[in-house]
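Keeping the supplied structure of chain Z fixed, place chain Y upon it in accordance with the hints.
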Amino acid sequence: MITPIQGAEALQTCIVVILAATVVFKILPMYRLDCFRQKMFQVRDELFDYAADGNIAFDDPAYILLRVQMNAMIRYGHQITLFRALVTSGIRWVSGNEHSLPWYDSWEKSLANLKNDEVRRKMAEFHERSNTVAAKHLIGGSVVLWAALAIAAMVLFLGGAAWGARQLLKAAARKVLSGPIDQRLIEEDAVCSKA
Amino acid sequence: VTPLTDRRPKKYKSQEPAWRWLTQQVLGLVRQFGSTAIWAGVCLYAIEQAGSTLRAFAGRTSVANLLLSIAANVSITVAVSVAISLTMTGLYLWEYRRHRKTRERLTARITTLELKIDPNRSTSGISTEGTTRIGDQ
Chain Z
163 MITPIQGAEA LQTCIVVILA ATVVFKILPM YRLDCFRQKM FQVRDELFDY
213 AADGNIAFDD PAYILLRVQM NAMIRYGHQI TLFRALVTSG IRWVSGNEHS
263 LPWYDSWEKS LANLKNDEVR RKMAEFHERS NTVAAKHLIG GSVVLWAALA
313 IAAMVLFLGG AAWGARQLLK AAARKVLSGP IDQRLIEEDA VCSKA
Chain Y
1014 VTPLTDRRPK KYKSQEPAWR WLTQQVLGLV RQFGSTAIWA GVCLYAIEQA
1064 GSTLRAFAGR TSVANLLLSI AANVSITVAV SVAISLTMTG LYLWEYRRHR
1114 KTRERLTARI TTLELKIDPN RSTSGISTEG TTRIGDQ
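Keeping their order, the protein sequence lines are chains Z and Y. Going by the working numbering, the first sequence opens with residue 163, and the numbers climb by one from there. Going by the working numbering, the second sequence opens with residue 1014, and the numbers climb by one from there.
Just so you know, these hints were derived from the structure itself, not from any lab. Here the structure is a predicted model, which means the values were calculated and not measured. Every residue gets a Cβ at the ideal spot worked out from N, C-alpha and C, and that includes glycine. Worth double-checking, as some hints may not be accurate.
Okay, the calculated beta carbon distance ranges per label pair [to be verified]:
1) Glu1142/Y with Arg346/Z: 24 to 32 Å
2) Gln204/Z with Glu1108/Y: 50 to 58 Å
3) Ala1092/Y with Gly258/Z: 33 to 41 Å
Computed list of lysine-lysine pairs in DSSO-like fashion (alpha-carbon distance at most 27 Å, straight line) [as the list claims (entries may be wrong)]:
4) Lys1129/Y with Lys337/Z
5) Lys201/Z with Lys1129/Y
6) Lys1129/Y with Lys1114/Y
7) Lys284/Z with Lys201/Z
8) Lys337/Z with Lys271/Z
9) Lys298/Z with Lys332/Z
10) Lys188/Z with Lys201/Z
11) Lys188/Z with Lys1114/Y
12) Lys1129/Y with Lys284/Z
13) Lys277/Z with Lys298/Z
14) Lys277/Z with Lys337/Z
15) Lys271/Z with Lys188/Z
Here are some of the chain Z residues that sit facing chain Y, going by a computed Cβ distance under 8 Å [unchecked claim]:
16) Ile180
17) Ala183
18) Ile189
19) Arg199
20) Gln204
21) Gln329
For reference, chain Z alone in the conformation it holds in the complex (with noise of 0.2 Å):
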């Protein structure tokens, strides 16, 4: 027989776990979304003024390609999930059509053509800034990546790595995010869908 004290513990237990549902599915979701999509905002923005500064001209290729790229990160935001990638790189392995990357041998080609070193190792920095917000959004969505952040962070600073927890991370990140979910083909993917 249940007792009051069970039946309060019951429905306690049910609100709390609809509630708890509600913030992991769909409030946390929403608010990991509007700030990637923020912070893509702002480095678009940054690129912006590099070029209105006179740096690079507003109809330069690599110009172009970059903006092209982190137009199509912020409107397919939603879509930048361990699922996705995982599925865009099963079809591309699929179809015999893993190593194709046409944005980015492009973006390459157009990055090689700038005389100006500086303005070559902006445009690079630019590039890897919005790789660098792709590519937490990415991991921040995932249970499994920080698991394997976590691991490859250890690995590696068992491997003798004498570095910051930041760079540690970081050189993690990139070890996450290659081989199967390699970063370029989320990027690619995302300008594949913009096209």
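Structure of chain Y alone, referenced to chain Z:
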């Protein structure tokens, strides 16, 4: 205000096989509704459990007695935690709505100003409120 479309001539266009696009769309739908389905499943299970708990008291006590007994046995820690969580969630949702309105107000202005500097300026393609467009979901 110039329409929010990508007016720049496409210098880069990738080719994607139709079957791959279709597979991705199907799996994308699974991903999208999978999350909602898990959420709905958890909520329904919790509601069903709450219902069976209440049913266990059927015929043994009055509704008023039951409610009083349960209220008297509610843990203060859980009650305070739930109240704080609900308040915080409500505040976040309110702020989120305000943020969307602010973005909508500023987007047109920023676009107009940036178009003066770069007439071929391309856009991200999300809504003016900064949310995912229905067609992109």
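Evaluation of the provided hints:
1. Glu1142/Y with Arg346/Z: 24 to 32 Å: 31 Å, holds
2. Gln204/Z with Glu1108/Y: 50 to 58 Å: Distance hint for glutamine 204/Z, glutamate 1108/Y is violated at roughly 19 Å.
3. Ala1092/Y with Gly258/Z: 33 to 41 Å: Given a distance of about 59 Å, which is not inside 33 to 41 Å, the answer is violated.
4. Lys1129/Y with Lys337/Z: The given pair, whose Cα atoms are some 43 Å apart, is violated under the 27 Å limit.
5. Lys201/Z with Lys1129/Y: Holds - the C-alpha atoms of lysine 1129/Y and lysine 201/Z are around 24 Å apart, at most 27 Å.
6. Lys1129/Y with Lys1114/Y: 24 Å, holds
7. Lys284/Z with Lys201/Z: 18 Å, holds
8. Lys337/Z with Lys271/Z: It holds: about 25 Å lies between the C-alpha atoms, which stays within 27 Å.
9. Lys298/Z with Lys332/Z: At roughly 10 Å apart (the allowed maximum being 27 Å), lysine 332/Z and lysine 298/Z satisfy the hint.
10. Lys188/Z with Lys201/Z: Given pair lysine 188/Z, lysine 201/Z holds - Cα atoms ~21 Å apart, limit 27 Å.
11. Lys188/Z with Lys1114/Y: Answer holds: lysine 188/Z to lysine 1114/Y is near 20 Å, not above 27 Å.
12. Lys1129/Y with Lys284/Z: Cα-Cα ~24 Å, so holds.
13. Lys277/Z with Lys298/Z: Roughly 32 Å separates the two Cα atoms, so the pair is violated.
14. Lys277/Z with Lys337/Z: Since the Cα atoms of lysine 277/Z and lysine 337/Z sit roughly 32 Å apart, the hinted pair is violated (cutoff 27 Å).
15. Lys271/Z with Lys188/Z: With Cα atoms ~41 Å apart, lysine 271/Z and lysine 188/Z exceed 27 Å; violated.
16. Ile180: 5 Å, holds
17. Ala183: 4 Å, holds
18. Ile189: 6 Å, holds
19. Arg199: 6 Å, holds
20. Gln204: 13 Å, violated
21. Gln329: Violated, because the Cβ-Cβ distance from glutamine 329/Z to chain Y comes to roughly 32 Å (cut-off 8 Å).
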